[in-house]
Every structure is written in C-alpha cells, then in structure tokens.
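Here is how the chains run, residue by residue.
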Amino acid sequence: MKKRMQRYWWALISLVLFAPSLALAAGGGKMAPVVIVADTRKLDGLMAWWANLYNESHLQFMILTIIIIPVTGVIFGVLADIVMGWIGIDLKSRELAEH
Amino acid sequence: MDWLYILMPIAGVKIFWPGLIILGIGVGIIGGFFGMGGAWMVTPGLNILGFPMAFAIGTDIAHMAGKSLISTMRHGKFGNVDYKLGLIMLAGTVIGFEVGAQMVMWLERLGSVEKVVRWIYVGLLLFIAWTVFHDINKRRAKQKAAEARGEAVDALATGIEWHKTLHKIKIPPMVHLKVAGITCSAWLPIFVSFFTGWLAGILGIGGGLIRMPALIYLVGCPTHVAVGTDLFEVAISGLYGAATYTFKGRTELVAAMIMLVGAACGAQVGAVATKYIKGYGIRIMFGWAVIGCMVSILMKLVQPWLPAYKKALDIGATWLVLGLISVMSAYIFIKMVQGVKQELAMKQQKI
Chain A
7 MKKRMQRYWW
17 ALISLVLFAP
27 SLALAAGGGK
37 MAPVVIVADT
47 RKLDGLMAWW
57 ANLYNESHLQ
67 FMILTIIIIP
77 VTGVIFGVLA
87 DIVMGWIGID
97 LKSRELAEH
Chain B
228 MDWLYILMPI
238 AGVKIFWPGL
248 IILGIGVGII
258 GGFFGMGGAW
268 MVTPGLNILG
278 FPMAFAIGTD
288 IAHMAGKSLI
298 STMRHGKFGN
308 VDYKLGLIML
318 AGTVIGFEVG
328 AQMVMWLERL
338 GSVEKVVRWI
348 YVGLLLFIAW
358 TVFHDINKRR
368 AKQKAAEARG
378 EAVDALATGI
388 EWHKTLHKIK
398 IPPMVHLKVA
408 GITCSAWLPI
418 FVSFFTGWLA
428 GILGIGGGLI
438 RMPALIYLVG
448 CPTHVAVGTD
458 LFEVAISGLY
468 GAATYTFKGR
478 TELVAAMIML
488 VGAACGAQVG
498 AVATKYIKGY
508 GIRIMFGWAV
518 IGCMVSILMK
528 LVQPWLPAYK
538 KALDIGATWL
548 VLGLISVMSA
558 YIFIKMVQGV
568 KQELAMKQQK
578 I
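Top to bottom, those sequences are chains A and B. Counting from 7, one number per residue, gives the positions in the first sequence under my numbering. Counting from 228, one number per residue, gives the positions in the second sequence under my numbering.
Quick caveat, the hints were computed from the structure, so don't treat them as lab data. Each residue gets a CB set at the ideal place from its N, CA and C atoms; glycine is no exception. Don't take each hint at face value.
[Claimed, not checked] Okay, derived cross-link-like pairs now, SDA-like style, lysine to any residue, Cα gap no bigger than 20 Å in a straight line:
(1) B/K577 with A/I93
(2) B/K304 with A/L85
(3) B/K475 with A/I73
(4) B/K241 with A/D87
(5) B/K562 with A/M90
(6) B/K405 with B/F422
(7) B/K241 with A/V43
(8) A/K48 with B/M228
(9) B/K304 with A/D87
(10) B/K304 with A/V77
(11) A/K98 with B/K405
(12) A/K48 with B/L393
(13) B/K475 with A/M90
[Said to hold, decoys possible] Footprint (simulated), chain B over chain A, 3 or more residues, beta carbon under 8 Å:
(14) 47–59
(15) 64–76
(16) 85–97
[Stated by the list, open to error] If you want the ones that stay clear, here's a sample from chain B, every Cβ over 10 Å from chain A, calculated:
(17) R301
(18) Y310
(19) T392
(20) I518
Pulled out of the complex, with its shape left as it was, chain A reads as follows (with noise of 0.2 Å):
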C-alpha cells in the first residue's frame, strides 16, 4: 500500500512538472512559435550579458530567471516584514472576524 502511494506521489510530481498546459494555468494564453533574438548592440554591462544569455542558451537563461523570481520574491517579503515589523504591526496572528 504504501508503495504504491508512492507511486501515485511520484506520478503525481511528473504530472505536475512536465504538463506543458499548466502554463496557462498561471494566466497564459496562446502565443506564436516565433524565435525572437535580442538586439545587443545597444546594450551594455549586466544587460548585455543577460541578452547575450538569452541568445545563446534559453535553457540556462530559464533556470536563472526560474532561480531569480523566487530568491528576489523571499528577499524583498523578508524587507517588507522587517519595514512592517519596524512599525509595529502585529504580523503573527490574526482573529478570524467571521466566515
């Protein structure tokens, strides 16, 4: 039994990683199969490696966006809470008011 829970958590997991619909479920929509290429020539520094990035590998460019979203999203929650805190608002518990 609880091999093949297992098995269904594991199958579940791949279902979730590898269903290529699930991202519309974030808010998408259709979109051309257009290769689009960045235009570095006006760019420089940080931004011209980041295009440069892109232009070469989508893949690796995927993994540090998918990388970078989340370490920013939980570095900038933690300076909110810090800020908030700071003021003093009581961020630990609410009382559930009503349904």
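Position chain B relative to chain A; hints supplied.
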C-alpha cells in the same frame, strides 16, 4: 526625461519604468488581498506600457510567481494557508486543466471556438457575481432577523450554505482540513479543483477568479483561508508558467524584477489588509472586481456589432481595468492604514 525609460534587453522596447512599479504595487495589493494572480489586470497594463502581447503574458507570469510567493508567505504566517488542501487541490487542478485544454483543441477542430469561450467566460463571471451578492444579501437578511430577535448573528454564519450540503456526502477517504476547519470527503476538493481547473483550461485563464469563490462556496473555507490557499496554488503554477514561458523566450526578467519591487510592497499591503477587513468585506469587493472584469470583456465582445466604436471600446476596456486597479488598491491601502493606526493605538493604550 530619458532616465525614466529603460531599454528591455530581450523585447528591445523602451519602457517607462515607474509605470511598471506602479502597476506592480496595484496588482500586488489586489492579488494579495483577493488571492488571485490577476492576469486579466496585468496583461493589458503591460501592453499599454509598450510590451508586445507575448512578452506581456510571459512577464506577467514571471512577476506573478514572485508576488504570489510573497503573499503566500505572509498569509501562511497569519494561518490563512491550508497546505494540505492546497496540495490535494493541485492534483485536481492539473488534471482538470489538461482536460480543459484538450477539449479546446477538440472544439477548435470543429470550428471557431474563441467567441463561444468568451461568452462562457462572461456567463461564468455573471454567475460568480450573482453568487457573491446573493450570499451577501442572504447574510444581511440573517443579521436583520437576528437583530429583530434581539440577538447577535453568529460571527461564522454565512449566507449561501451549499458547502454544508456537500459536506454531507461522506464518500471515503474522509479528510480533516485543520486550517480550514472542515472535515469532508477528499473527493470534494478533488472534484472542485478538477472542475475549476477544467474551466480555467477551457477559458485559458489562471483560475484564481474561479477557484477563490469555489473554495468558499463549495468547499466551505473561511474567506481568509480561501484567499491564502488560492495564492499557494497560484505561486506553484506561476513558477511553472514562468519556466515554460522563459524557455520559449517570452519573459522579460528585467521588467518582472522592476514590477516585483512594487508588487513586493503591494502584496504585503494586500495580505496584511485581510487582517483588518472582515471576510464579508473581502467578498463584497471581490464581487465588484468580478463585475469590472466582466464589463471589460463585454466591451471587447460587442465590438463586431459596433464597428464604429471599436477603438473607443478598446480604450474604454483598458481604462476600466486600470481604473479598477487604482480605485481598489487605494481603498485597500486606506483600510490597511486605518487598521494599523487602530492596532498601534490599542497597543499604546495597553502600555
């Protein structure tokens, strides 16, 4: 004033960056407050700022993942996220979404499906708006009846009680959802998530707009838990969406990061505001947001019959959405500031 514009490295367009921060703050507040991604608000906003549509969608999803994560963290600390319910529903959402998306492919082969889908969307939004306001009216009637008897209405009383009927179905396995405070058949959240996922798949939308009221009226979650749990799902699906859209080269991370600066503050404000606004206050505002969304879609749908007004209707729909973001986020922000002031005053009194 060149410094107010930034060249986007991938899309190659110059964008007014303070506009991105303002948009981020607005949708951050609304998303954190209602528990939805808010793609219907962000995509037209980004499009107005100058992004091509495909980039608007990808960038919206990327910022949504970060923003929802921040909101989920905050709601989690308030005890508003039922992770067990979220994980159970994730399975149903994914499968339902796939079935819905496949169904659209099948319908496409039969003929023009787009218009039908848009009308279904309007019908669904109309039904959600009716449900929300019918629920509010029923609860007000209960409150009046209780006051007439000289009693106070139960704080946990609701207007519509469909979930109570659904909880009577006791098909095993039964699950106890501690945070939501309900015990029901596991099939109920699975079926509800499958249904909402299927609808989202057919309509090609995120689903927060459908899932949040479904969690309240069908599963029986308290409003705050519905908001928090829905955000948890949006965060997971948003991250996945960001990955696939980025792989297809349609995400402008620089824009998403600038939006995140605003959205991080906005999401915190929205989530903290739920602490000061009662459950039914959230439901009333949600009802108005649904009506706003419905009117903006209607303005696009009637264009074939009113070709002379096409441009005006297009501009009107966009400004309606942006106006709605501004008014609602301003209202939520004011309510939050009032709540904080009251809380701080009470703290000082205790000292």
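Going down the list of hints, with the structure as the test:
1. Between B/K577 and A/I93 the CA atoms are separated by roughly 17 Å; this keeps the pair inside 20 Å, and the hint holds.
2. About 15 Å separates the Cα atoms of B/K304 and A/L85, which keeps this hinted pair within 20 Å; it holds.
3. Between B/K475 and A/I73, the direct Cα distance comes to roughly 17 Å. Compliance with the 20 Å bound is thereby established for this hinted pair.
4. Proposed proximity of B/K241 and A/D87 is contradicted: the alpha carbons are some 33 Å apart, above 20 Å.
5. With a C-alpha separation of about 16 Å, the suggested pair B/K562 and A/M90 falls inside the 20 Å cut-off, and the hint holds.
6. For the suggested pair B/K405 and B/F422, the alpha carbons sit about 23 Å apart, so the restraint of at most 20 Å is broken.
7. A hinted pair counts as satisfied when its Cα atoms are at most 20 Å apart, and B/K241 with A/V43 qualifies at roughly 16 Å.
8. Taken as a hint, the A/K48 and B/M228 pair is honoured in the structure, with Cα atoms around 19 Å apart against an allowance of 20 Å.
9. As the CA atoms of B/K304 and A/D87 are separated by approximately 11 Å, the hinted pair is consistent with the 20 Å bound.
10. Between B/K304 and A/V77, the direct Cα distance comes to roughly 18 Å. Compliance with the 20 Å bound is thereby established for this hinted pair.
11. In summary, the hint linking A/K98 to B/K405 is supported, as the alpha carbons are separated by about 18 Å, within the 20 Å threshold.
12. Only pairs whose Cα atoms come within 20 Å are accepted, and A/K48 paired with B/L393 is rejected, the gap being roughly 60 Å.
13. With a C-alpha separation of about 38 Å, the suggested pair B/K475 and A/M90 falls outside the 20 Å cut-off, and the hint is violated.
14. Coverage of the stretch 47–59 of chain A by chain B holds [criterion: at least 3 residues with CB-CB distance below 8 Å; count 6].
15. With a cut-off of 8 Å between beta carbons, the stretch 64–76 of chain A has 9 residues touching chain B; three or more are needed, and the interface restraint holds.
16. Requiring three or more residues with a Cβ within less than 8 Å of a Cβ of chain B, the coverage given for the stretch 85–97 of chain A holds, as 9 such residues are present.
17. For B/R301, the condition that its CB be more than 10 Å from all CB atoms of chain A is violated, with the nearest at approximately 7 Å.
18. For B/Y310, the non-interface assignment is confirmed: its Cβ lies about 15 Å from the closest Cβ of chain A, beyond the 10 Å cut-off.
19. The claim that B/T392 lies off the interface holds: its Cβ sits roughly 16 Å from the closest Cβ of chain A, which is beyond the 10 Å cut-off.
20. Chain A leaves B/I518 outside its interface by the beta-carbon criterion, the shortest separation being 20 Å against a cut-off of 10 Å.
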